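Take the sequences, apply the hints, and build the full model.
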Amino acid sequence: MGAEKRKWNTRVDDYLNRKAAERGHVIAMARMGSTALERGDLDEAEAWFRKAAAGGDRVSMGNLAHLLRERGAPEQAERWYREAATAGDSHAMAQLGNLCARRGDFDDAEDWWRQAACEGRAEAMAELGRLLHRRGELEEAEHWAGQAAEAGNVEGMITFGALLCDTGRTREAEPWWRKAGEEADPAMLCKLGHRAQQRDDLARAESCYQAAAAAGAPEAAVRLGLVLHRRGELDAAERWYLKAAKRGDAAAMTNLGVLANDRNDPGEATAWYRRAAELGSVPAYTNLGRLAADRGDFPEAEHWFRAAADTGDQAGQRYLEELHRNRQRF
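In terms of our numbering, the sequence shown is residues -18 to 311.
I should point out that these hints are in silico values taken from the structure, not numbers from a laboratory. Values in this document were obtained by computation on a predicted structure and should not be read as measured data. Fair warning: there could be bad hints in the mix.
Said to hold, decoys possible - Only pairs whose alpha carbons sit at most 20 Å apart, straight line, appear in this in silico EDC-like list of lysine to aspartate or glutamate: (1) Lys0 <-> Asp22; (2) Lys224 <-> Glu214; (3) Lys224 <-> Glu249; (4) Lys227 <-> Glu200; (5) Lys224 <-> Glu200; (6) Lys224 <-> Glu259; (7) Lys160 <-> Asp147; (8) Lys172 <-> Glu153; (9) Lys172 <-> Glu131; (10) Lys224 <-> Asp182; (11) Lys160 <-> Glu118; (12) Lys227 <-> Asp216; (13) Lys172 <-> Asp182; (14) Lys0 <-> Glu25; (15) Lys172 <-> Glu200; (16) Lys160 <-> Glu214; (17) Lys227 <-> Asp182.
Structure (structure tokens):
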């Protein structure tokens, strides 16, 4: 009986709310938009949010902007985010900053992120910290990233960790990496790190991979090793490669071979390459072939180059052709 009464009351409330919305009541329009959005009726949700936004409801402006962005209309979304932000909506300020940054207008993005950060939006603090870090304004970057991290924002934790590491305070960074690893999905952290690495932002990439490694992501160890290797921190890179190699990662074994070869230890290099080759690492095939060629063992070199070439590897094919040309000369 109680459940039936609640359903009846809900239907009455919905009816009265619709009637109020149809008479132009702004809050009722906003509620109608939210209700339509909850049941997946995007057209009706957009129609009601537009009416409420036109009536001056800044929350509806922001909801309309978000809906339009999701529906693939970024220019319209930006217009309504701007309306909501101008009306004082801090969430809209942060989102507007993001849209400006995506189209490369970082001055405008910074202005909106600053306004949102001053209103207490942790996501804006994190983005502002990232921007300032990239510009080399480390003191202010640390201030904003630190505030975002303290507020529980994962992006803030990652940036704060990168800043601490950049300024020689790796031990202080480690608790933030662990916390980020507890709060975020490890796969997402690895993806963020990969994107940063593609932009050549090695400090951020390291911070993301450190957090992912703290969360137990197996691929994070080898990726972290690659970042450190590229930066010239070979001892640290080797430690992470070893962790990944112990879990059977062929790429880590191959890279351990590269480190050994670079320090003129072909015996250790060969041992690591062979372990990686047993797991199907094509770079290990070609590296074994090059080591064999260097010591004049051309049949073994041909074996490994052919193994690589048979997988479709262009480097293996090129080495194999070069080996044949050189042997024909003699």
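Structure-based check of each hint:
1. For the hint pairing Lys0 with Asp22, the CA-to-CA distance comes to about 19 Å; that is within 20 Å, so the pair holds.
2. For the suggested pair Lys224 and Glu214, the alpha carbons sit about 16 Å apart, so the restraint of at most 20 Å is met.
3. This hinted pair checks out: Lys224 and Glu249 have alpha carbons roughly 17 Å apart, not beyond 20 Å.
4. Among the hinted pairs, Lys227 with Glu200 is consistent with the structure: their alpha-carbon atoms are about 12 Å apart, no more than 20 Å.
5. For the given pair, Lys224 sits about 10 Å from Glu200 by alpha-carbon distance, which is consistent with the 20 Å threshold.
6. Among the hinted pairs, Lys224 with Glu259 is consistent with the structure: their alpha-carbon atoms are about 18 Å apart, no more than 20 Å.
7. A distance of roughly 19 Å separates the Cα atoms of Lys160 and Asp147; the hinted pair therefore holds under the 20 Å criterion.
8. For the given pair, Lys172 sits about 24 Å from Glu153 by alpha-carbon distance, which is inconsistent with the 20 Å threshold.
9. Under the criterion of a C-alpha separation no larger than 20 Å, the hint pairing Lys172 with Glu131 is inconsistent with the structure, at around 23 Å.
10. Restraint check: the Cα-Cα separation between Lys224 and Asp182 comes to about 24 Å, which exceeds 20 Å; the hinted pair is violated.
11. Taken as a hint, the Lys160 and Glu118 pair is broken in the structure, with Cα atoms around 25 Å apart against an allowance of 20 Å.
12. With a CA separation close to 17 Å, the supplied pair Lys227 and Asp216 stays within the 20 Å bound.
13. Between Lys172 and Asp182, the direct Cα distance comes to roughly 13 Å. Compliance with the 20 Å bound is thereby established for this hinted pair.
14. Restraint check for Lys0 and Glu25: the C-alpha separation of about 15 Å stays at or below 20 Å, so the hint holds.
15. A threshold of 20 Å between alpha carbons decides the hint, and for Lys172 with Glu200 the separation of about 11 Å falls inside it, so the pair holds.
16. Proximity of Lys160 to Glu214 is assessed by CA-CA distance (about 25 Å); at most 20 Å being required, the pair is judged violated.
17. Restraint check for Lys227 and Asp182: not satisfied, since their Cα atoms lie roughly 28 Å apart, outside the 20 Å limit.
Hint check: violations occur at hints 8, 9, 10, 11, 16, 17; the rest are consistent with the structure.
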